[in-house]
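Asker: The residues making up each chain are set out below.
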Amino acid sequence: GENVEQHPSTLSVQEGDSAVIKCTYSDSASNYFPWYKQELGKRPQLIIDIRSNVGEKKDQRIAVTLNKTAKHFSLHITETQPEDSAVYFCAANWLDGGADGLTFGKGTHLIIQP
Amino acid sequence: KAGVTQTPRYLIKTRGQQVTLSCSPISGHRSVSWYQQTPGQGLQFLFEYFSETQRNKGNFPGRFSGRQFSNSRSEMNVSTLELGDSALYLCASSWGTPQGNEQFFGPGTRLTVL
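Chain order of the listed sequences is A and B.
So the first sequence is numbered by the working numbering: it starts at 1 and just counts up by one.
So the second sequence is numbered by the working numbering: it starts at 115 and just counts up by one.
Excised from the complex, chain A in its bound form (with noise of 0.2 Å):
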């Protein structure tokens, strides 16, 4: 089955600088990659995917790469605000039939210091 690693389990920067989480991934069946965000007693919510045909996707602050060859893939987030504080999850899943079970990371506890 698939298998995703994902580092570093907790990254603390400053406020205002970039922050990097990477994950990589055994299945190169694998096809779709979303990431996740979860504060505090909260549910995940999706903040950002891509699928393996596209190598990079932006949102805002928000960009996430991937490298099906490497069988890796990041998110980046800039300018990173108090807000940005939470866990982070990414995870993978194959979209061939449709099965939609997602394998996750173990996450990541960003910490924004002000």
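Keep in mind that the hints are not guaranteed to be accurate.
Derived SDA-like pairs (lysine to any residue); straight-line CA-CA distance at most 20 Å [to be verified]:
#, chain 1, residue 1, chain 2, residue 2
1, A, Lys57, B, Gly214
2, A, Lys42, B, Glu216
3, B, Lys171, A, Lys58
4, A, Lys42, A, Val87
5, A, Lys106, B, Gly214
6, A, Lys106, B, Thr152
7, A, Lys42, B, Lys171
8, A, Lys58, A, Asp17
9, B, Lys171, A, Tyr32
10, A, Lys22, A, Ile112
11, A, Lys58, A, Ile48
12, A, Lys106, B, Arg177
13, A, Lys22, A, Gln6
14, A, Lys42, B, Ala116
15, A, Lys68, A, Asp17
16, A, Lys42, B, Gly214
17, A, Lys42, B, Asn173
18, A, Lys42, B, Leu202
Here are some of the chain A residues that sit facing chain B, going by a computed Cβ distance under 8 Å [unchecked claim]:
#, residue
19, Val20
20, Lys22
21, Tyr32
22, Ile50
23, Glu56
24, Lys58
25, Thr103
26, Phe104
If you want the footprint, here are the derived chain A segments under chain B, 3+ residues with CB under 8 Å [as the list claims (entries may be wrong)]:
#, region
27, 76-88
28, 105-111
No lab work stands behind these hints, which were simulated from the structure alone.
Everything numeric in this text was worked out from a predicted model, so none of it was measured.
Backbone N, C-alpha and C define an ideal beta-carbon position, used for all residues, glycine too.
Based on the hints, put chain B in the right spot on chain A.
Answerer: The following block gives chain B in isolation, referenced to the frame of chain A:
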């Protein structure tokens, strides 16, 4: 559009009992996936239902089961509860197609097994 809802939000059970959790997806969504979230193991996929059929299953014992009704609402059942089943159980809904597989999570059911 109303989001994904889950009931109950909190449950306390004792070892050996069984429990049923409920999930109502976003209107129109036909896929419901269930996940277990614990501090040690993170987010782990349990199973996914689409149009009342289980399409995908994770690596959990047979004590964990689920079903989906014709209105797409889903239930999961855990029999013979163990202390290690204490977790946040999250469901997520999506259209369930390769072009529409973004998953949106409910608030979760916090299960405590004593």
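Asker: It remains to establish, for every hint, whether it holds in the given structure.
Answerer: Do the hints match the structure? See the list:
{"no.": "1", "hint": "Lys57/A / Gly214/B", "in the structure": "holds, 17 Å"}
{"no.": "2", "hint": "Lys42/A / Glu216/B", "in the structure": "holds, 18 Å"}
{"no.": "3", "hint": "Lys171/B / Lys58/A", "in the structure": "violated, 32 Å"}
{"no.": "4", "hint": "Lys42/A / Val87/A", "in the structure": "holds, 11 Å"}
{"no.": "5", "hint": "Lys106/A / Gly214/B", "in the structure": "violated, 25 Å"}
{"no.": "6", "hint": "Lys106/A / Thr152/B", "in the structure": "holds, 10 Å"}
{"no.": "7", "hint": "Lys42/A / Lys171/B", "in the structure": "violated, 25 Å"}
{"no.": "8", "hint": "Lys58/A / Asp17/A", "in the structure": "holds, 17 Å"}
{"no.": "9", "hint": "Lys171/B / Tyr32/A", "in the structure": "holds, 18 Å"}
{"no.": "10", "hint": "Lys22/A / Ile112/A", "in the structure": "holds, 18 Å"}
{"no.": "11", "hint": "Lys58/A / Ile48/A", "in the structure": "holds, 8 Å"}
{"no.": "12", "hint": "Lys106/A / Arg177/B", "in the structure": "violated, 24 Å"}
{"no.": "13", "hint": "Lys22/A / Gln6/A", "in the structure": "holds, 6 Å"}
{"no.": "14", "hint": "Lys42/A / Ala116/B", "in the structure": "holds, 17 Å"}
{"no.": "15", "hint": "Lys68/A / Asp17/A", "in the structure": "violated, 27 Å"}
{"no.": "16", "hint": "Lys42/A / Gly214/B", "in the structure": "violated, 24 Å"}
{"no.": "17", "hint": "Lys42/A / Asn173/B", "in the structure": "violated, 25 Å"}
{"no.": "18", "hint": "Lys42/A / Leu202/B", "in the structure": "holds, 11 Å"}
{"no.": "19", "hint": "Val20", "in the structure": "violated, 20 Å"}
{"no.": "20", "hint": "Lys22", "in the structure": "violated, 16 Å"}
{"no.": "21", "hint": "Tyr32", "in the structure": "holds, 6 Å"}
{"no.": "22", "hint": "Ile50", "in the structure": "violated, 12 Å"}
{"no.": "23", "hint": "Glu56", "in the structure": "violated, 18 Å"}
{"no.": "24", "hint": "Lys58", "in the structure": "violated, 17 Å"}
{"no.": "25", "hint": "Thr103", "in the structure": "holds, 7 Å"}
{"no.": "26", "hint": "Phe104", "in the structure": "holds, 4 Å"}
{"no.": "27", "hint": "76-88", "in the structure": "violated (count 0)"}
{"no.": "28", "hint": "105-111", "in the structure": "holds (count 3)"}
Comparing the model with each numbered hint stated earlier shows that hints 3, 5, 7, 12, 15, 16, 17, 19, 20, 22, 23, 24 and 27 do not hold.
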